[in-house]
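A.B. asks: Protein chains in written order, with the UniProt record's numbering: chain A, 1 to 232; chain B, 1 to 293.
Derived by calculation from the structure, the hints in this document are not laboratory data.
Since we're looking at a predicted model, the values are computed, not measured.
Think of the CB as a built atom: it goes at the ideal place given N, C-alpha and C, for glycine as much as any other residue.
Everything hinted at is true.
Selected chain A positions facing chain B (Cβ under 10 Å, derived; list incomplete):
1) G92
2) H93
3) T99
4) K198
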Amino acid sequence: MDLLLNGLRRAMEMLASGDPEIYEITWRTLRISLTAILISTLIGIPLGILFGLTKFPGRKLLLVFINIGMGLPPVVAGLWITIFLWRAGPLGHLSLLYTPIAIVMAQVLVSLPILIGLTSSAFQEIDEKMLMQIRALGATKLQMLKILLLETKVAILAAVIAGFGRVIAEVGAAMMVGGNIRGDTRILTTSIVMEVSKGNFDVAFALSFIIMTLAFIVTFCLTFLQQRSRKI
Amino acid sequence: MNFKRLLSTSLIAFLLLFLAACGNTDSNKTKEAEKATAATEEQVEVTDLILATTTSTQDSGLLDELIPMFEENFPYKVKTVAVGTGQALEMGVNGEADVLLTHAPASEQELVDNGDVQNYKRVMYNDFIIVGPKADPAGVKGLAINEAFQKLFDSSAVFASRGDDSGTHKKELEIWKSINVTPTENASYLETGQGMGNTLQVAAEKQGYVLTDRATYLAQKANYPDMDIAIEGDDALLNIYHVMEVDPAKNEQINNDGAKAFVEFIVDEDTQNFIEEFGKEEYGESLFYKYTE
Chain A
1 MDLLLNGLRR
11 AMEMLASGDP
21 EIYEITWRTL
31 RISLTAILIS
41 TLIGIPLGIL
51 FGLTKFPGRK
61 LLLVFINIGM
71 GLPPVVAGLW
81 ITIFLWRAGP
91 LGHLSLLYTP
101 IAIVMAQVLV
111 SLPILIGLTS
121 SAFQEIDEKM
131 LMQIRALGAT
141 KLQMLKILLL
151 ETKVAILAAV
161 IAGFGRVIAE
171 VGAAMMVGGN
181 IRGDTRILTT
191 SIVMEVSKGN
201 FDVAFALSFI
211 IMTLAFIVTF
221 CLTFLQQRSR
231 KI
Chain B
1 MNFKRLLSTS
11 LIAFLLLFLA
21 ACGNTDSNKT
31 KEAEKATAAT
41 EEQVEVTDLI
51 LATTTSTQDS
61 GLLDELIPMF
71 EENFPYKVKT
81 VAVGTGQALE
91 MGVNGEADVL
101 LTHAPASEQE
111 LVDNGDVQNY
121 KRVMYNDFII
131 VGPKADPAGV
141 KGLAINEAFQ
151 KLFDSSAVFA
161 SRGDDSGTHK
171 KELEIWKSIN
181 VTPTENASYL
191 ETGQGMGNTL
201 QVAAEKQGYV
211 LTDRATYLAQ
221 KANYPDMDIA
231 IEGDDALLNI
241 YHVMEVDPAK
251 NEQINNDGAK
261 AFVEFIVDED
271 TQNFIEEFGK
281 EEYGESLFYK
291 YTE
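Looking at chain B on its own, in the form it has when it is part of the complex (with noise of 0.2 Å):
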């Protein structure tokens, strides 16, 4: 009996539990909803906004400064799910996210041609560069990419790769490709199935190259004296990113009035000309590069 007492009580108290967590998300979504209510003297309803972005946005900071900027003038919570191109590009087609942001032009034409997104534009660029040890070992400091990556595939020097389906794997697997090798047949070709951050410090720590967006690299420079920029502004190399809407037809939680919010304010001349400031005070160049339509 008491057993059963126990469970029953302990159900209850769960129940409770539970309601007083929503209860309490609740309450916060009302303060913020009046924080947004005063900010714009309206009776907006604060909603969430799924965007799925790369890691290099989140990475580089980006996304910490333009986000609250955003927040700020419209009114919805951003919720950013920072992942690889891959997997931003498959939450769009589940219906997962509400908004993407990436970098793989060719993957992403294929969401759009199946109508899986819309309201396509470009925002910003920056450009792809190896990394390799300052010592240059593979000797392919200033080559043009497709020999320099010929170079690395028939030398013993490491490359790593993300390994994760992203957009900068994407972009590396590409130029194997133009090359005609496939470059897990090189023992020394390590696959992290990691962020950039990550993948940037393994290769650092085995001293071998690696493919990255600038705007990474320039962020964590400082933690890698040994490493060198081995090659950069080859036209192959350039680093796109697009934001998309979600077709909201795929399922009724898809906040599309967000989504086009978001889209709106990131193209907007002035949100693209903070993009081209951001870190150039401090990495002394900009991490990207305004480049709407």
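This is chain A alone, in the form it adopts within the complex (with noise of 0.2 Å):
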């Protein structure tokens, strides 16, 4: 109890202090989050919308290795990105292991399927009647894909939601990827293991509140922006 305490009660010491490395840490981390989860959706809706609409063969089979991508562990995902970007690899000219872009990477492998997927799901749920009134109605392709993207807004931001949650929960592949440098690939989840194996568990529980604060803070936005009262 008094770890929990003297934890949170460091955190707000952190913070206070203005230690510009918790700083820099939170920041890094955020950055590099919203950047994959930002990646994950611009590729993940569009192709949710396709799978999810259109029928073409082999969709079924494609379907089960999404929501296959959907647990795909984060390890393996880190294992995977290693092999490719590792020096020997063949993106390995790229020197781009033990960089923040391939965290990102990791981050936008382990969270595409779950845009894609929830998406596809969303889009397969839409009434095939209402799509043919839509058509009656006369509207252009490009309003029919703006009234079926507001009556899925909730469950597009579910999956940005989920697929956020992922990405800022990730720490298997971005220690893996990342190294976990100062400075450089340092971000909470991989600061909280080191410290936890440094023994310093006030400054791991410290690092646990600020991250938990950053995810509240963007799940907040989400859900309030999920929840907003439908205009068609």
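Need the complex rebuilt from these two chains, each delivered in its own frame; the hints are there to steer you.
C.D. replies: So, in structure tokens, the structure goes:
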């Protein structure tokens, strides 16, 4: 119990004292996570719409793989990316291993299936009759897309929230492809692992409060965006 | 049609983002370069240097002090990857790191012999110790190391092993081997597969014994009021750290100039003195002792 209170106090102190390293790590975590979720959203939603609305051979099998991807263990994603990025690997010449970009790649890999899968589920739920009705009213394709996006807004934002949760919680892959390098790829989750192994439980606790706060703020914004009354 | 357009738009957005991210690191690099230039008043470009090292140098806090000292004086940005010695050496063999700082002389010698590494230099030493519960349930306090390990093997006391092919793990296996026993035959022998700090925690939690380097134990001692040093000072427990450059012929990306500079830096008299002073004030004794050749 003391540890909890000490951790909370320590978190306050660290933030109040303006320890530049804490701010730097927090800011880096936010930047990496938001970049990853933005990329996943920009790729995942169009693909989800495509897989949700169209029918083509092999679509079901594809959806099986996407659904498996939703549970892809981050360390597996991390391992694959490591093998591609290390110096002897096919992308070795880019020198991307142990950079923030490598972490973003790993996070996109684990969150993209969630975005695609949940978006396509939402679009499969759309009533055929409604599609026909919209068409009958003479809507252009762009107008139709807009209506459908508004119709599925709640589900799509739920997908973004789930994806963000996965991205910010991610530690295994970030450790592997990022290397937890001070001032470069050290993010909140990898710092927590390191501080625990150093035996600095109070610092680890303090960091856990910071990451929870960060997750809360972002999820709060997304949830309010999601729950805003719908206007068509 | 729209889907295609959406797809292409998002692909373009992705590319832009990617470029922005790349551009960002570039500008960071330039910034660092500028900083370094200001410091050395020369037009030297700052390059990355990957240092693969053991967890003990990071967990004890030594690298947090040494790396900034190095970066201040040399045009390199050190990327420290703290892993077990086994993995660090493997990174050297694969050419994934530029310079190594590890503590498993027997395994290191193999790399030297195979030409995987060069400029192999002794850096510092401390010692391994056996830490156990204050109550000493196995009754090994003060025994000679071989005798103590035999007793631990015969008793039902928990022994927490790193089990991760690290330098510490290699040392532990060496001792078991010297008394001809297979520790895994004892049901109370645990392998954590984790770093030194975590393994110490497991040992403390299970009231067991553990082989640890002195630096990590001293740095975390305050967390384990029920634990104490059971065995120390045996010659077999010497823990020697070496630094080495990875063979630059392995691939084009190896930063051999940086590796050379790092080796020179770490065996330099001033750095050596700093290493020996490190932690003295806080823990009452040095965590590492200078030990160059």
